[in-house]
Amino acid sequence: AQKVTQAQTEISVVEKEDVTLDCVYETRDTTYYLFWYKQPPSGELVFLIRRNSFDEQNEISGRYSWNFQKSTSSFNFTITASQVVDSAVYFCAQNNYGQNFVFGPGTRLSVLP
Amino acid sequence: DTEVTQTPKHLVMGMTNKKSLKCEQHMGHRAMYWYKQKAKKPPELMFVYSYEKLSINESVPSRFSPECPNSSLLNLHLHALQPEDSALYLCASSLSRSSGRSNEQFFGPGTRLTVL
Chain G
1 AQKVTQAQTE ISVVEKEDVT LDCVYETRDT TYYLFWYKQP PSGELVFLIR RNSFDEQNEI
61 SGRYSWNFQK STSSFNFTIT ASQVVDSAVY FCAQNNYGQN FVFGPGTRLS VLP
Chain L
1 DTEVTQTPKH LVMGMTNKKS LKCEQHMGHR AMYWYKQKAK KPPELMFVYS YEKLSINESV
61 PSRFSPECPN SSLLNLHLHA LQPEDSALYL CASSLSRSSG RSNEQFFGPG TRLTVL
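Chains as they are written, first to last, in the numbering used here: chain G, 1 to 113; chain L, 1 to 116.
It should be emphasised that the hints constitute simulated quantities derived from the structure, not laboratory data.
None of the values given here were measured: they were computed from a predicted structure.
Incorrect hints may have been included.
Derived lysine-lysine pairs resembling DSSO-like cross-links, with alpha carbons at most 27 Å apart [to be verified]:
#	chain 1	residue 1	chain 2	residue 2
1	G	Lys-3	L	Lys-36
2	L	Lys-38	G	Lys-38
3	G	Lys-38	L	Lys-9
4	G	Lys-38	L	Lys-18
5	G	Lys-38	L	Lys-22
6	L	Lys-40	G	Lys-38
7	G	Lys-3	L	Lys-41
8	G	Lys-38	L	Lys-36
9	L	Lys-40	G	Lys-16
10	G	Lys-3	L	Lys-38
11	L	Lys-19	L	Lys-41
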């Protein structure tokens with residue numbers, strides 16, 4: 001069975017601090033996909049990144065970076081030099097080929113000025 | 001155009017009303033989804049349409065009735081709802097359900113539904 005765990009329910013940081021959001025997944029399939037979404041107060045889920053199980057390269061996009069480690073079944077997300085606009089709920093999600101998304105419970109990030 | 005639109009943004013309805021939520025995408029996606037999201041919870045899948053056919057109904061009560069008139073439109077018809085159905089209803093689309101190359105889902109802004 002698939003499962004996604006985000007152990008951090010809420011995180012508060014001060015602007016310009018770096019912050020890492022943890023995501024641990026469980027699946028028996030060898031082909032699977034991992035995602036991060038951002039949900040600001042407006043409600044829309046914004047797609048941030050997709051990773052497939054065969055690509056363990058870390059990725060950097062501006063202030064965002066992702067660390068995918070199959071050995072620990074983790075797909076962590078780091079925001080460098082956080083900004084107030086980063087305040088949102090962040091969801092990690094996983095799906096297997098052709099299957100439904102399984103979302104983690106989400107981490108609420110508050111960036112204080 | 002990488003946008004999924006949803007109308008209305010807010011909806012208040014009584015338990016005896018009939019209303020509809022609408023969702024539209026023009027990205028050529030062939031899979032569309034309805035999710036329900038309660039406060040402080042992740043989205044819960046309700047329905048999946050693949051190539052305009054209902055492929056998944058996650059045991060949703062019959063007072064929710066989905067419809068896919070064409071590949072760009074998705075409706076959710078509401079009738080005789082209960083107060084516990086109050087939630088954010090999100091529509092999403094993806095290239096297809098089975099494509100491994102690009103199966104990320106793109107979400108609309110949602111309809112915030114209140115049932116009195």
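Checked against the structure, which of the hints given earlier come out wrong? 4
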